[in-house]
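> Model the full assembly from the supplied sequences, consistent with the hints where possible.
Just so you know, the protein sequences line up as chains A and B, in that order. Quick note: the first sequence uses the numbering used here, first residue 1, plus one each step. Quick note: the second sequence uses the numbering used here, first residue 267, plus one each step.
Just to be clear, a hint being listed does not mean it is correct.
[Unchecked claim] Distance ranges between label pairs, derived from CB positions:
#: 1; chain 1: B; residue 1: Val347; chain 2: A; residue 2: Pro241; range: 17 to 27 Å
#: 2; chain 1: A; residue 1: Ser242; chain 2: B; residue 2: Gln556; range: 36 to 46 Å
#: 3; chain 1: A; residue 1: Gln14; chain 2: B; residue 2: Gly276; range: 55 to 65 Å
#: 4; chain 1: A; residue 1: Gln244; chain 2: B; residue 2: Asp468; range: 20 to 30 Å
#: 5; chain 1: B; residue 1: Arg470; chain 2: A; residue 2: Ala89; range: 49 to 59 Å
#: 6; chain 1: A; residue 1: Ala200; chain 2: B; residue 2: Gly276; range: 53 to 63 Å
#: 7; chain 1: B; residue 1: Asp564; chain 2: A; residue 2: Val15; range: 56 to 66 Å
#: 8; chain 1: A; residue 1: Gly213; chain 2: B; residue 2: Asn304; range: 30 to 40 Å
#: 9; chain 1: A; residue 1: Val199; chain 2: B; residue 2: Glu443; range: 40 to 50 Å
By construction, these hints were calculated from the structure, which means they are not laboratory data. We put the CB at the ideal spot given by N, CA and C, even for glycine.
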Amino acid sequence: MPALHVCTIAKNEQVSETVFRLTLHAGELALQSAPGQFVNIRVQDGPVPLWRRPLSVYAVDRQAGSLRLLFEVRGAGTRMLAARQVGTALDLLGPLGSTFAPPPPAAQPILVAGGLGIAPLHFWAQELTQAGRHPLLLFGARTAAGLCAMDDLRQLPAELRLATEDGTQGAKGLVTDLLEEELATRQPEEMAVYACGPVAMLRAVMRLCTSRGVWGQICLETLMACGFGACMGCAVPARGPSPQASYKLVCKDGPVFEMAEIDLEH
Amino acid sequence: MSTDLTVTVGPLTLKNPVLVASGTFGYGEEFAPFLDLNRLGGIVTKTITLEPRAGNPPPRIAETTAGMLNSIGLANVGVEVFVKDKLPYLQQFSTAIIVNVAGRTTDEFAMVVRRLEESGLRIDAYELNYSCPNVKEGGMAFSASPQVAYAVTRDLRKETRRPLIAKLTPNVTRIAEIAQAVADAGADAVSAINTLVGMAVDYRTRRPKLATVVGGLSGPAIKPVALAKVWEIKKAVNIPIIGIGGIQSVEDVLEFLIVGASAVQVGTANFVAPDCAGRMVQDLERYCRQEGISHLADLIGTLQS
Chain A
1 MPALHVCTIA KNEQVSETVF RLTLHAGELA LQSAPGQFVN IRVQDGPVPL
51 WRRPLSVYAV DRQAGSLRLL FEVRGAGTRM LAARQVGTAL DLLGPLGSTF
101 APPPPAAQPI LVAGGLGIAP LHFWAQELTQ AGRHPLLLFG ARTAAGLCAM
151 DDLRQLPAEL RLATEDGTQG AKGLVTDLLE EELATRQPEE MAVYACGPVA
201 MLRAVMRLCT SRGVWGQICL ETLMACGFGA CMGCAVPARG PSPQASYKLV
251 CKDGPVFEMA EIDLEH
Chain B
267 MSTDLTVTVG PLTLKNPVLV ASGTFGYGEE FAPFLDLNRL GGIVTKTITL
317 EPRAGNPPPR IAETTAGMLN SIGLANVGVE VFVKDKLPYL QQFSTAIIVN
367 VAGRTTDEFA MVVRRLEESG LRIDAYELNY SCPNVKEGGM AFSASPQVAY
417 AVTRDLRKET RRPLIAKLTP NVTRIAEIAQ AVADAGADAV SAINTLVGMA
467 VDYRTRRPKL ATVVGGLSGP AIKPVALAKV WEIKKAVNIP IIGIGGIQSV
517 EDVLEFLIVG ASAVQVGTAN FVAPDCAGRM VQDLERYCRQ EGISHLADLI
567 GTLQS
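Below, the structure is given as structure tokens:
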């Protein structure tokens, strides 16, 4: 059940030129959050910026009651958040949204992350490995600088493959090239794909999985005014039999969707 | 000393003047995790139409300075599902249930009201959405001209004895003329204001930030406009007013009451602080106690000008 929480900042580290990793004393919220879910943060008390900023849960430490978020400075709101000091109390709404569904027992989870899309998939990789599963993590970005939080990723007991568009780290090319290679190595039912990243990447992932008959889920990011299904601003086109348009709400129906539910082609 | 927060809006008695605005509070249920709905003076539901509506294509919202634009397009479940699945839930709360309705034509409007009347469920009032800027048909057209507003209100008046509240658009030259027209046609109150038509552009992509190009502006940015419109109606027309526009705090509530609103609706603020309307009720109580105000209603329309 989502609720309002006051959480104090334990750490606010800059991990790249534009990306920050925020660690919060979150108590109950840390216990309740599951991979794929997000929190909606009030970055200030006044009306500018007006909305909260939705951020995927990047990691939780249930024993310590801490919750970690990874965010990129993109505008005024995230700039304010980046400037918040240790000890500051933040108003968080959460946990919000849907969670990743476990992979079938015979399938290896393949996690495909583009840029900041690593945030929910890092949490998912943590949980999968704790459950005794062996995820393969494919992580891509434009340049090596976009492969953020590598210190955490290297600590995961998961196989990690990297790609950058300019070839500054890992394979030169797109993370979806890595996925395409991987999908060709096994039968469809031996794999379950989980993807988060830019829409163009997700579209390519969905095309690959659909053509190979591989089951998968995507985690979407959109603007949202509320985060809990009231504003209806975060609609995405749903895939359905009806020729009439229908939509799903990223905040409530998602952010994690079955690939078969969403239409990213239009 | 006990404090009486009760207000009346025409025939409608509210236990306090803090309502929540249509389109910002879902069907009520969405907010149950965050506040006790019994605290509220009333809940105005999302706009209900005859058929379900999927709403407009995304992007539907954009953040602006101290406000936001929306172009949701009256996405709703339609009156049948509303009567079956949504309205029954609200019955348990001791707060006014105000159902916001809309139609593309007067007939369709009437059919929605008729279906709600037949439901046998408690409805304390109807709010008539004459003023949505985000749908192609009908929408704002109903309150853009006094003649049309008069005609549709007169027809809807025949459908129900329950209080009718006409929600007015500020996107007209003289809002008081529209208020007068609906008053003459038998409306019991007006609510003002709906959103202002606005636009936002991304200069890098040269694209509008909304798929529909323009949408409705709400939030703290519009409060001064809303106060001015309430004042304009108050001076010219003898009809109770529910003030709406950028209310975020108890101070904002008090300002609207003083200018002449009998009650208020909290809108966009619900998105950001989903418990805020409940807190405003508490803050009103505290304010009245501190100031020795025994009947909050005594403040209404006390602007010194």
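> Decide, hint by hint, whether the structure agrees.
Do the hints match the structure? See the list:
As the Cβ distance of B:Val347 to A:Pro241 is approximately 19 Å, the hint placing it in 17 to 27 Å holds. Between A:Ser242 and B:Gln556, the C-beta spacing of about 57 Å breaks the proposed range 36 to 46 Å. Our hint of 55 to 65 Å for A:Gln14 and B:Gly276 holds, since their Cβ atoms are close to 58 Å apart. Range check, A:Gln244 to B:Asp468: about 29 Å between beta-carbon atoms, so the 20 to 30 Å window is met.
Separation of B:Arg470 from A:Ala89 is about 35 Å and departs from the stated range, judged on CB atoms against 49 to 59 Å. In this structure, A:Ala200 and B:Gly276 meet the distance hint of 53 to 63 Å, their C-beta atoms being roughly 55 Å apart. A C-beta distance of roughly 58 Å is found between B:Asp564 and A:Val15, which places it inside the suggested range of 56 to 66 Å. The beta-carbon spacing between A:Gly213 and B:Asn304, approximately 52 Å, falls outside the hinted interval of 30 to 40 Å.
Between A:Val199 and B:Glu443 the beta carbon distance is about 47 Å. The supplied range of 40 to 50 Å therefore holds.
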